[in-house]
Structure formats: C-alpha cells, structure tokens
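Trainee: Going line by line, the protein sequences match chains R and D. Be aware that the first sequence starts at 1, since it is given in my numbering, and climbs by one per residue. Be aware that the second sequence starts at 1, since it is given in my numbering, and climbs by one per residue.
Treat each hint with caution, since some may be false.
Heads up, simulated PhoX-like pairs for lysine-lysine below, C-alpha to C-alpha not over 20 Å straight-line [said to hold, decoys possible]:
(1) R:Lys114 <-> R:Lys81
(2) D:Lys242 <-> D:Lys224
(3) D:Lys263 <-> D:Lys242
(4) D:Lys242 <-> R:Lys114
(5) D:Lys263 <-> D:Lys224
(6) D:Lys164 <-> D:Lys191
(7) R:Lys143 <-> R:Lys108
(8) D:Lys211 <-> D:Lys164
(9) D:Lys242 <-> R:Lys143
(10) D:Lys83 <-> D:Lys105
(11) D:Lys224 <-> R:Lys164
(12) D:Lys263 <-> R:Lys143
Derived coverage of chain D by chain R (criterion: at least 3 residues anywhere in the stretch with Cβ under 8 Å from a Cβ of chain R; other residues may be distant) [to be verified]:
(13) 197-205
(14) 217-224
(15) 244-252
(16) 288-299
(17) 372-380
It is worth saying that the hints were derived from the structure and are not from the lab. From the three backbone atoms N, C-alpha and C, an ideal C-beta is built for every residue, glycine too.
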Amino acid sequence: MRSFINPLFAVLLAGLLAACSSTPTEEDTSATDTQPTDSQSSPAEPVERPAPSKPDTSNIPVTADNFHNHPSNYDGTTDTKVIYFAFDSNTVPAAAFETLRAHASYLKDNPNAKVRLEGHADERGTREYNVALSERRSEAVQKFLRVQGVSSSQVEVVAYGEEKPAAFGHSEMDWAKNRRVVLNYTAGRP
Amino acid sequence: MMRVLAFPLIVAMLSLLAVNARAELLIQITEGRTDAVPISVVPFAGAGDVPENVSDIVRADLHRSGQFKTLSPKDMLSRPTSKEGLSYRDFRVLNQEYVVIGTIKPTGTGAYEVGYSLHDVARGKELLSETYRPPESQLRDVAHAISDRIYEQLTGIPGAFSTKILYVTHNRGAERPYQLQYADADGARVKTILRSREPIMSPSWSPDGTKIAYVSFEQNGLPKIYVHDLGSAERRVVAQFKGINGAPAWSPDGQKLALTLSKGGNPDIYSLNLNNGDLEQLTDHYGIDTEPRWMPDGDHVVFTSSRSGGPQIYQLNVDDKSVRRVSFEGAYNARPEVTPDGRYLVYVHRRNGSFNVGVQDLQRGTFDIVTQTNMDESPSVAPNGSMIIYGTQHRGTGVLQAVSIDGRVKVELPSKEGEVREPAWSPFL
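Using the sequences and the hints, build the whole thing.
Mentor: Written as structure tokens, this is what we have:
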C-alpha cells in the first residue's frame with residue numbers, strides 16, 4: 001500500500017511535469033511554441049490504457065505550480081472559458097488543448113461568433129510591463145485558435161495586466177488563478 | 001419645483017464629500033533622520049476663529065519632510081506671537097535651532113491676513129518675514145507656501161509642499177471601483193477626476209501641471225489614452241490603436257507624449273506630437289518595450305525592455321534611435337523614473353523575489369535599494385528631487401509610501417479605504 005502508485009496518476013503526473021519542464025519563460029521573447037501536436041500532449045506511454053475521454057483526476061492534488069495545467073480546470077468543451085498559465089510563461093498548457101480545440105470548432109462552425117481574449121497577469125512586477133506580458137498570453141491563445149483555422153476577424157485581443165484580478169489574495173495560489181486568458185464571447189456566445 | 005430638485009442635488013454633493021473625507025490619506029512619518037533640524041512652529045495668534053489651522057499645517061509639513069524635528073506646542077516654555085514677545089532663550093534652552101511665529105486676522109469679506117516670521121535661535125536673528133492675504137479657500141495653500149519658503153531658506157532646496165499627488169484607487173465592491181484622484185502632497189483636499197467600472201492606469205502630469213494623461217479601459221473594456229485638462233475637466237482621446245495603448249509620459253516641453261503601442265505586433269515606444277497628432281516610432285524590437293520616461297534634456301527616453309531576456313532599463317537617443325542598456329544589477333529592473341536634475345534613475349528592482357525601489361546614480365554609477373517593503377512599484381519623484389512616492393502593500397492592501405532619495409526618511413500614507421496605487425507627484429504648480 002505504501003508504494004502503490006496509481007498508473008493513471010503516474011501518466012498524468014508525467015504529462016504535467018513534461019509540460020512544465022518544456023515551458024519557456026516569458027523573458028524569452030522569441031515566439032513560443034504554441035502549436036499543439038499529438039506528441040506534445042502524450043509524452044509518456046501509458047502502462048495501462050487510461051480511460052479514453054474523461055479520466056478521473058480527483059486524486060491529483062492541485063498546487064499553485066500545477067494549477068495552470070491541472071485537468072480539473074478544463075472540461076474539453078466551450079463551457080471552459082479560462083486558460084491558466086505558469087509563472088512567467090505564455091505557453092498554452094497541454095491540459096487546455098482539447099478545450100481550445102472545442103472553442104476553435106465552435107468559432108469555425110459559427111462565423112458570426114466573436115471572442116475577445118482577455119489576458120491577465122499576477123500582481124508581481126510593474127503594471128505596464130505586466131500589461132505587455134498578459135498580451136503575450138492572449139496572443140498565444142489567439143495563435144492556437146488561428147492554427148486551428150479560426151478566422152482572425154472573429155478574435156480580438158485585450159491585455160489587462162494585473163488590473164482585473166480574479167483572486168484578490170496574495171498567495172501563490174491566488175497568483176496562479178490570476179495568470180489567465182479569459183475567452184469572452186462578444187457575439188454568438190456558445 | 002426648484003426646491004424639489006435642489007434637495008437630491010445637495011444630498012449627492014454631501015455624499016460625495018463624505019466619500020472624499022473617508023478616502024483621505026493619512027500621513028505619518030515612520031523613520032526620520034537622526035540629524036533632523038530642531039524647529040519650533042509656535043501656534044499662530046488669532047488662529048482660533050480660522051477654519052484652517054495654518055501653524056499646524058506648517059508644522060506637519062516640516063515634520064513630514066524628515067529634514068526637521070518639530071517641537072510639540074505643549075513642550076514650549078513660551079508661545080510668542082510677535083517679534084517683541086519672542087524670547088530666544090526659551091527656545092535655546094530646549095535646543096531649538098529655529099522658531100516660527102505668526103498671526104492670522106480676518107480682514108472682512110471672507111479673507112485673512114497671515115503674517116509669519118522665521119528666526120535663527122542661536123544667532124537671535126530674523127531670517128524671513130512675510131505677509132499673505134488669502135481668501136478662506138486658500139488658507140491651506142498659504143500654509144504650504146510658508147512651509148516651502150521655510151524649507152528653502154533652511155535647506156537651500158525649494159520646498160515641494162504646494163504640490164499635488166495624482167493616484168488611482170480601487171475599491172472592490174463599489175459600482176465604479178476604479179477612481180482617478182488627486183490630493184495635496186499632505187493627503188488633504190482629495191478630488192476625484194474619474195470613476196470607472198474598468199481599470200484606470202498610468203496617470204502622468206504635463207510639465208506645467210495643468211493637464212494629465214492616463215490610460216482608461218472605460219469604453220468597451222479597451223485601453224485608450226486620454227489627455228485631461230484639470231481646470232476645465234475637458235478631455236480627449238489621443239491614442240486608441242489596436243492592442244496596447246499604454247504608459248503615457250509627457251515630454252519636458254509638453255508638446256509630445258511618449259507611449260507604448262502594440263499595433264505593430266508587439267509593444268514598442270512611440271512619440272505622439274500632441275499639436276498635430278504625428279506619431280513617430282522610437283523603438284522597433286520584437287521584445288517588450290514599455291514604460292518610457294523622458295530625460296530632462298528632451299533628447300533621451302529611458303524605458304523598460306525585455307530585449308536581453310528579463311526586463312532591464314535602456315536609454316534611447318530620440319534623434320538617431322540608438323539604444324544602450326543602463327541597468328545591470330539583477331534580473332528584473334523596470335519602470336524607470338528620472339529625477340528632475342537628470343542625475344538619478346529610480347526604478348523597480350527584484351531581489352530574492354521581493355520588489356523594491358532602487359536608485360541608480362548616473363554620475364557615480366552606484367545603485368542602492370531605498371525601500372524595505374515588498375511589492376513596491378510605480379515610484380514617482382517630487383519636483384524638488386527630495387522624495388520618492390511609491391505604491392506598496394500593507395496587510396494585503398495597496399498603500400502609498402514615500403522615502404527620501406537617500407533612503408533615510410520614510411513616510412507612510414495609509415488610506416482609510418480601498419487600494420491606493422500608481423502615485424504621480426506633480427511638478428511645481
């Protein structure tokens with residue numbers, strides 16, 4: 001019992017770790033790799049076949065470090081409208097790929113729908129610099145949607161920096177909740 | 001009919017006053033210089049019937065500068081109100097170096113005559129003697145003017161007590177949580193310039209102090225840069241491009257705004273001519289360039305750039321667009337300010353995960369951290385170069401603090417309500 005590790009947990013954990021370790025910092029200003037590929041989303045071979053669609057993620061503890069890539073934040077549908085980011089990063093987390101693909105499909109199927117990608121930063125650092133960082137997050141999501149074939153006329157980018165926090169505390173977890181891009185549909189909301 | 005209408009108007013005005021009074025900043029000095037100069041400001045004669053306590057304001061001003069140690073009136077051996085009644089000995093005994101005495105009398109028609117004099121206790125000599133005749137509404141202004149004169153007489157540096165502080169407040173839960181306000185440098189006489197449901201950022205003074213520029217997201221949640229005339233309350237949008245419209249900074253001649261636009265695909269510094277609307281791109285780099293400030297010569301702009309990785313301070317030659325890095329200590333240096341003499345750069349520096357305000361001496365090349373709080377940001381320098389006001393956090397709430405440029409004097413300006421941030425110290429008015 002002591003050494004028992006749920007194989008599913010191990011697979012998901014490996015995925016989380018891989019996503020984290022491959023995350024470039026935002027201080028690296030060259031374009032980051034936001035194009036999703038299949039190899040990126042499954043860096044480890046499963047020992048046992050995991051459940052195909054909705055794995056049970058309840059036993060992965062949510063921490064400030066894995067919050068952005070925690071499966072519980074993304075349901076794979078357009079119901080999920082917030083994408084989280086690691087500290088100092090504008091890399092779209094792998095756990096959000098399915099959700100963003102759902103938004104991309106919706107936007108392609110509904111040419112009248114328009115989405116505003118609202119980028120946010122945590123409170124650390126200076127305000128205007130954080131506006132610039134949060135714009136990079138919005139742009140990373142925009143790039144993801146564009147690669148999926150979404151028309152540029154359907155997507156608008158706004159950068160709010162640290163000015164509109166979702167969590168008002170000052171802990172690592174509050175900051176994790178504030179590093180985000182909100183998909184705000186301004187027309188044709190799903 | 002008029003009577004019916006007038007009542008809600010009065011109520012509205014009263015509630016506005018109440019809000020302002022509650023939001024007023026309290027200023028207290030937390031750390032003074034050990035070599036602060038002892039000075040006695042004796043309560044002015046005739047002050048009992050005057051709506052503003054002029055001598056109290058002067059005493060508080062001098063105390064708050066950290067340069068002076070003021071004596072409480074209750075500790076004075078005598079409280080002279082005329083030169084004839086002044087016994088230097090009474091102040092010499094208490095080791096006072098200077099003494100200020102004065103009188104206030106009403107002159108009818110709601111005006112006053114305020115006379116004061118400043119005396120050197122050791123030499124038994126008068127240094128200054130002046131008379132002002134303000135209307136009631138300008139009694140505070142006269143008090144600050146007296147503080148300015150005394151400060152300059154005794155330090156050789158013009159006083160900055162008659163200046164204003166512009167800042168943003170955030171009161172979560174209010175219908176319009178974001179407010180742009182300004183107050184006297186001592187926190188009194190708060191005025192609200194703008195209330196909004198959406199963020200307000202980066203307020204900046206025109207060099208003549210008549211106008212301000214700021215970023216407001218009030219229209220449809222998108223950022224626009226406004227120029228706002230404080231006298232007429234008229235304003236206009238000067239930048240509303242696709243993407244970021246941020247970080248406006250007035251040029252020393254008042255003709256241009258440096259600003260950050262991302263319309264070209266990433267944040268770069270531009271210069272906007274306010275007379276004809278001409279826009280000139282000053283930087284062109286795929287990294288983040290933002291937070292521009294003009295050097296006093298008007299030929300150079302300092303700014304934050306991520307071109308070498310993390311944010312660092314760079315200086316741009318506006319003429320040939322050449323750029324050189326000026327900050328080298330640590331991995332995070334951002335949001336530069338320049339002292340009025342151009343000698344010091346003041347900016348946010350990260351050290352061991354803590355954000356503090358640092359001062360770089362451009363002549364000697366030294367760099368010193370002058371704040372010990374955490375999450376310090378948005379430093380702004382007084383027009384006489386003596387103090388830096390900045391935003392920080394106290395018990396999880398945004399507050400303003402001030403520190404002398406040498407780090408020796410610290411002043412707290414806690415707000416009674418909500419967050420206060422992004423202070424901008426006015427020029428001399």
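Trainee: Hints first: check each against the structure and report whether it holds.
Mentor: How the hints compare with the structure:
| no. | hint | verdict |
| --- | --- | --- |
| 1 | R:Lys114 <-> R:Lys81 | 13 Å, holds |
| 2 | D:Lys242 <-> D:Lys224 | 10 Å, holds |
| 3 | D:Lys263 <-> D:Lys242 | 5 Å, holds |
| 4 | D:Lys242 <-> R:Lys114 | 16 Å, holds |
| 5 | D:Lys263 <-> D:Lys224 | 13 Å, holds |
| 6 | D:Lys164 <-> D:Lys191 | 11 Å, holds |
| 7 | R:Lys143 <-> R:Lys108 | 15 Å, holds |
| 8 | D:Lys211 <-> D:Lys164 | 12 Å, holds |
| 9 | D:Lys242 <-> R:Lys143 | 17 Å, holds |
| 10 | D:Lys83 <-> D:Lys105 | 17 Å, holds |
| 11 | D:Lys224 <-> R:Lys164 | 16 Å, holds |
| 12 | D:Lys263 <-> R:Lys143 | 16 Å, holds |
| 13 | 197-205 | holds (count 3) |
| 14 | 217-224 | holds (count 4) |
| 15 | 244-252 | holds (count 3) |
| 16 | 288-299 | holds (count 3) |
| 17 | 372-380 | holds (count 3) |
In the structure shown, no violation is registered for any of the earlier numbered hints.
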